[in-house]
Amino acid sequence: MKAFDLVIIGGGPAGIAAAATAASHGLKVALIDERPTLGGQIYKRVGPGFTVKKASEVGKDYYLGEKLIAELDNLKVDIYFETLVATIEQSEVVVIQNGKSAERLSFRKLLISPGAYDRPVVFPGWTLPGVITAGAAQSLVKTQRVAPGSRIFFAGSGPLALAFPAQLSGYGANIVGIIEAAPRPGILKSIQIALSVLGNFDLLRDAAKYQLHLISNRIPMHYRRIIVRANGKNRVESVTHARVDKNWQVIPGTEKTVEVDALCIGYGFFPSVELFRLLGCELGYEESRGGTVVKLNEWGATSVANVFGAGDGTGISGSYVAIARGRLAALKIAAELGKISESSLSKLAAGFRKTLNRRVKFQSAINRAYEIKSGIYDLADDETIICRCESVKLESILPSLESTIDPSVVKAYTRCGMGLCQGRNCQRQISALIAKKQNIPISEITQATPRFPTKPIKLGQIADASIRDEKYFVDAE
Amino acid sequence: MLNSDFLAGYLSQSENFEELPKQSDVVIIGGGLLGTALSYYLATAGVEVTLLERNDLNREASGTNAGSFHFQIALHQLTENMTAADDKRLADETKLMLDAAKLWDEIEKELDADLGVHFTGGFMVAETQEEFQVLRDKQRIENVAGLETHVLTGNEMREFAPYLAPDLSGIAFCPREGHANPLLVGPTYAYRAHELGAKIRTNCEVIQIEQITGISGYRFKIHTSRGTILCNRVVNASGAWTAELSSQLGLNLPMALSGLHVNVTEPREFFLHSMVQHIGRRLTLKQTANNTFIIGGGWPSRAEKFPLRYSNIWESAAGNAAVAVRVLPMLKDVQLVRVWSGVWAYTNDFKPILGESEKIPGYHIAMVPTGFTLGPMVSKMLAEYMTQPGTQNLLPKEFHVDR
Ligand SMILES: Cc1cc2nc3c(=O)[nH]c(=O)nc-3n(C[C@H](O)[C@H](O)[C@H](O)COP(=O)(O)OP(=O)(O)OC[C@H]3O[C@@H](n4cnc5c(N)ncnc54)[C@H](O)[C@@H]3O)c2cc1C
Ligand SMILES: Cc1cc2nc3c(=O)[nH]c(=O)nc-3n(C[C@H](O)[C@H](O)[C@H](O)COP(=O)(O)OP(=O)(O)OC[C@H]3O[C@@H](n4cnc5c(N)ncnc54)[C@H](O)[C@@H]3O)c2cc1C
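Residue numbers (this note's numbering), protein chains in the order written: chain V, 1 to 477; chain G, 1001 to 1403.
Do not take every clue at face value.
[What the hints assert, rightly or not] A few chain V residues facing chain G, derived, Cβ under 8 Å:
(1) Ala412
(2) Ile445
(3) Lys458
(4) Gly460
(5) Ala465
[Unchecked claim] 20 Å max Cα-Cα, derived SDA-like pairs, lysine to any residue:
(6) Lys458/V with Ala1165/G
(7) Lys437/V with Phe1017/G
(8) Lys100/V with Asp78/V
(9) Lys455/V with Phe1017/G
(10) Lys455/V with Glu1315/G
(11) Lys1332/G with Pro456/V
(12) Lys455/V with Gly135/V
(13) Lys436/V with Ala335/V
(14) Lys100/V with Glu1315/G
(15) Lys1332/G with Gly99/V
(16) Lys455/V with Thr1292/G
(17) Lys455/V with Lys1332/G
(18) Lys458/V with Asn98/V
(19) Lys458/V with Trp1340/G
(20) Lys458/V with Glu1266/G
(21) Lys1332/G with Ser466/V
(22) Lys1332/G with Gly460/V
(23) Lys458/V with Glu1315/G
(24) Lys458/V with Phe1017/G
(25) Lys1332/G with Ile467/V
Source of the hints: derived by calculation from the structure; they are not laboratory data.
As the structure is a prediction and not an experimental result, all values here were calculated from the model.
Ideal placement from N, C-alpha and C gives every residue a C-beta, glycine not left out.
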């Protein structure tokens, strides 16, 4: 078994920054990512068969990503590509490398930075071909240079709701409309955001740039409107949207329908907390950072000894925060393993901490301005599929909601959340349904018991014939 | 006929949260399959019965098992050197299985509910020649006891079950084996018992069982998280917690616990009608009505106490997967989606603990290791014992509480 001082799960901004910082202080580091390239979401590299001649031409993020990844060039970091972390046991991670059998890597310290995934939104027609998440659309464009359709409609909320279509349009895609659920930023909100903005001018500038791009390309944009339906027989042919009140409840009679062949949904992100839950790390709930978040101390340590977290996987805060958090965690780990002294730790950390505080302020102002509202959970009708893996409709779930506050019970009786995605798509919708029915806050609804594997894996890759079972019924302890 | 939508609505319905009655002839502790079945059989006999469950009904072993009927003689029943006495024991155990099979045959009619009961047969596979010999030996015992099994090898085996590994040394096939939906059976018993007047109370943890005298007719005062209740007879059906509660009364039960590991896969086109077990290794395997494969068979998980779940260990997933792929090679390309684990209580001789304590009259225990297969059956036996005076001999001696 290979042994490392530090194992990092996730090669996005948080993980790369942490790996570079830790390795530069002499730690033996493994950096693991299930994708074939580094970069995570925002710094995603182009796919095989593509080359980028000049990074700056593909966009600022691509360039920044290249710079960050280049930090690893002269450092010794064992990078495991196409490698899934299936589970974590005591001081070992169990990994599955593409096509191969499971293997274990041991660590003294662990940093988990698995990023976030797109928030799924359930509305009639959400499972029709042609309806995809905004992040998926972005990935298609970034890695394959493919637009998801020829008449693309964006529905979403938050600053990225503008960034995504602007980026796509920049690649020449035909965007026929954008709706944002939040109101057009008013003077008050702008001041609020501006106040937190010292040192964040680049971010504001980006936002302004995106907006300008959309305006100059005459892409229709409507505020205070939400997606209510995707229509079509075998794929999406049109979408219906409507005006909402401040809780995102649809105002009847305001529906409008647009012909489209692709609908991109971008209502924010969920932190990917699976590995933290498996380890029993203490969690919290913050709607504005994506719901379930991981409790971290100022250095990024979780409540479990030797386990750190950084980046959007611990709560949505954006790539700048992810990088700062990654570096701070790496420094602290280097100090705990005796590679730097306590006094140089605080010196080295000072700069990152300043960036962090600044960025966190900005990001929380943004997140609050675009916080998800309860109307998003009220779009399904009886016939709408809630669990797409198991094809469970709302009407078959309603009876079990009468009597329980436990999503596991709903799961047991309806198969909701038992399929391939293990509830990633439907779990929040179920929690919201229970919360509404029983009149309790969604933050108080428990989640299904965490279990491995983090993603589906072939039994042939898991099977290990060297493990014998001669003694029947031995206890594991 | 009851269906699952309806049951889901009943499960924690408000009546279950109503106050405890002040007293009851019988109090059952535990709302798993044994407790709920017993409440039904006692209620049909007109006994005043109250069932107390700490959590929701059916959330421990009875709601986390694979729902298989294991009627064939299996690995855990065998000893290193089988003697004539062992043959006799196995024959007796097989007869009990036959009674259970008959009960399962009739249960959907009896409870007027769809419980997903299917008799689709079960394989017991052998890899080595010694294992194949065991299949032949056990078949002899089973056939004498009246359980139909067939042993196949070579081309005959490959023709009968072409999907199994062609180089297995042989297989036994028992047409009577099958399965039911474990999520429905216990709650349905509870619902029918409730219709007959049994009081079902959930979210009610028994903290102490106190023996009392002086209040005529009552021998026990049960202290719970929701107050106290007097009763004349107690049945401890608390599964993995049976020993803990009994030790309060000075009883030392010959039982232990483990977490049990289960693997569940993505769905594949349905082809495997019968369950598969292994006579020499830990394996139970079947394809469900949802087309997924459920794979288990006794691999351990880490035992943790309530309210923690029993947590899975990778070695069990890997070892279990290896045996499964060895026996059913197509599985190597099927994806594992999730594992789970449940708490499992067993006795050192794998026999039930069933009946009334001689040391503490009125104190009963209902506990059995293969509790899905045998749960309804042993509960019915205990109910008969409790309702028909002079039926001491109904319960086999080997099951005695004070053994
Ligand atoms: C779809 C999407 C699109 C986005 N687009 C933008 C944008 O255009 N502009 C912007 O400013 N922000 C964007 N964001 C937000 C931005 O990507 C994040 O703020 C930033 O990437 C966070 O960095 P991170 O290191 O925390 O996670 P990520 O960049 O997501 O990196 C996490 C990495 O961990 C890997 N991983 C996760 N689990 C495992 C596992 N079990 N085993 C192995 N590897 C694993 C993943 O493959 C991934 O590469 C986007 C986010 C998402 C989800
Ligand atoms: C993973 C797994 C797979 C299995 N597969 C099979 C199979 O295929 N076939 C088969 O025949 N058997 C199988 N078994 C065994 C079978 O599930 C059990 O033997 C059976 O369910 C036991 O039922 P029970 O009612 O005794 O226990 P349980 O179902 O555990 O019920 C006990 C109940 O008592 C409650 N309780 C405990 N303490 C207290 C207290 N102080 N106060 C109030 N209530 C309390 C608990 O909450 C629980 O609900 C399997 C077991 C496991 C774990």
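Status of the hints after comparison with the structure:
1. Ala412: 5 Å, holds
2. Ile445: Check failed: Cβ of Ile445/V comes no nearer than 15 Å to chain G, outside 8 Å.
3. Lys458: 5 Å, holds
4. Gly460: 3 Å, holds
5. Ala465: 4 Å, holds
6. Lys458/V with Ala1165/G: OK: Lys458/V and Ala1165/G at ~18 Å, within 20 Å.
7. Lys437/V with Phe1017/G: Cα-Cα ~18 Å, so holds.
8. Lys100/V with Asp78/V: Roughly 18 Å between the alpha carbons, so the hint for Lys100/V and Asp78/V holds.
9. Lys455/V with Phe1017/G: 39 Å, violated
10. Lys455/V with Glu1315/G: 17 Å, holds
11. Lys1332/G with Pro456/V: Judged against 20 Å, a Cα distance of about 13 Å means the pair holds.
12. Lys455/V with Gly135/V: 19 Å, holds
13. Lys436/V with Ala335/V: Violated: Lys436/V and Ala335/V sit about 47 Å apart, past 20 Å.
14. Lys100/V with Glu1315/G: 17 Å, holds
15. Lys1332/G with Gly99/V: Since the Cα atoms of Lys1332/G and Gly99/V sit roughly 12 Å apart, the hinted pair holds (cutoff 20 Å).
16. Lys455/V with Thr1292/G: 16 Å, holds
17. Lys455/V with Lys1332/G: Measuring from Cα to Cα gives roughly 16 Å; hence the hint holds.
18. Lys458/V with Asn98/V: Holds, at about 11 Å.
19. Lys458/V with Trp1340/G: Given pair Lys458/V, Trp1340/G holds - Cα atoms ~17 Å apart, limit 20 Å.
20. Lys458/V with Glu1266/G: Holds. Lys458/V to Glu1266/G sits at ~10 Å (cutoff 20 Å).
21. Lys1332/G with Ser466/V: 16 Å, holds
22. Lys1332/G with Gly460/V: Given pair Lys1332/G, Gly460/V holds - Cα atoms ~4 Å apart, limit 20 Å.
23. Lys458/V with Glu1315/G: With Cα atoms ~15 Å apart, Lys458/V and Glu1315/G stay inside 20 Å; holds.
24. Lys458/V with Phe1017/G: 44 Å, violated
25. Lys1332/G with Ile467/V: 17 Å, holds
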